[in-house]
Amino acid sequence: CVVDGGWGAWATWSHCSKTCGSGVESRARSCDSPTPSGGGQPCPGDTTETRTCNLGICAIDGHWSDWMRWSPCSSTCGSGMKTRARMCTNPAPSQGGKDCVGSPYEMQQCFEIICPVDGNWGDWSSWSQCSASCGGGNEVRSRNCSNPAPSHGGKPCAGDPTQSQTCANTTCPVGPECPSCDENLNCQWGSVCDVSETCMIRSFPHSPFTVHCSKIQDCEFEKSKLPKGEIFCCYDRSCLTTYLGLTP
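So that you can map any letter, position 142 of the sequence shown is 142 in my numbering, and since no number is skipped, the others follow by simple counting.
Bear in mind the hints are in silico, worked out from the structure with no lab data behind them.
Every residue gets a Cβ at the ideal spot worked out from N, C-alpha and C, and that includes glycine.
One or more hints might be untrue.
Ranges of calculated distance between the beta carbons of each label pair, as one might list FRET restraints [as the list claims (entries may be wrong)]:
(1) S131 x P161: 16 to 22 Å
(2) A85 x N147: 40 to 46 Å
(3) P91 x P150: 56 to 62 Å
(4) G8 x S65: 54 to 60 Å
(5) P44 x V24: 21 to 27 Å
(6) G8 x D99: 48 to 54 Å
All chains, please: the whole structure from these sequences, using the hints.
Given below as structure tokens:
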């Protein structure tokens, strides 16, 4: 005989396809109550059915946004640091989701132009030998702009590279009195001096003293024209006075 098929009972619903949020669950049935036979009709309808399932709002883990631009270098010359940041907003964590993993900041060394180096003085040298042994002289000392030397557009050292001071300020010892420049004292005219000058020649005996005479009243002693200490040259008129003594 002809037996049309009949559906059995539905099976239990399957697990939801998601653990949170909206998912799908399904169930099935079999055409075995009875199974069609003898040319009977199969069971009408579907063997499975589905429905949506919702197990609550899902936790959302945080994810980083793209990195922002690098900041300017922390130094205008030499070595410095630059930074950039990112935000945990793509998406932000919610519903108990995890925070973004890692640091929101990143640092990197940066190199700009070489820094200018201003010059600085080194130590002073020792004082030089005095230019005189008595009667006042000068001594000097120097320093170099090398500690460090200016470079890469740096400023030069301020101040002077040399320094001077007086020395040997004691009075020079005075020897015997110079001979008189009086016309009546065996003086004679000479041709060593300029025509415009009145000249007298006086011979000295050799002595251990060097002529070192200075001006007295109106008579000026011209040492540069006194070869070997033997010639007096006077300007404008004859010398009518004496000079100071001979000195060693």
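Here is what the structure says about each hint:
1. S131 x P161: 16 to 22 Å: holds (19 Å)
2. A85 x N147: 40 to 46 Å: holds (43 Å)
3. P91 x P150: 56 to 62 Å: holds (57 Å)
4. G8 x S65: 54 to 60 Å: For G8 and S65 the Cβ distance comes to about 55 Å; the hint holds.
5. P44 x V24: 21 to 27 Å: The hinted range 21 to 27 Å holds for P44 and V24, with Cβ atoms some 24 Å apart.
6. G8 x D99: 48 to 54 Å: holds (51 Å)
Violated hints are absent here; each numbered hint is respected by the structure.
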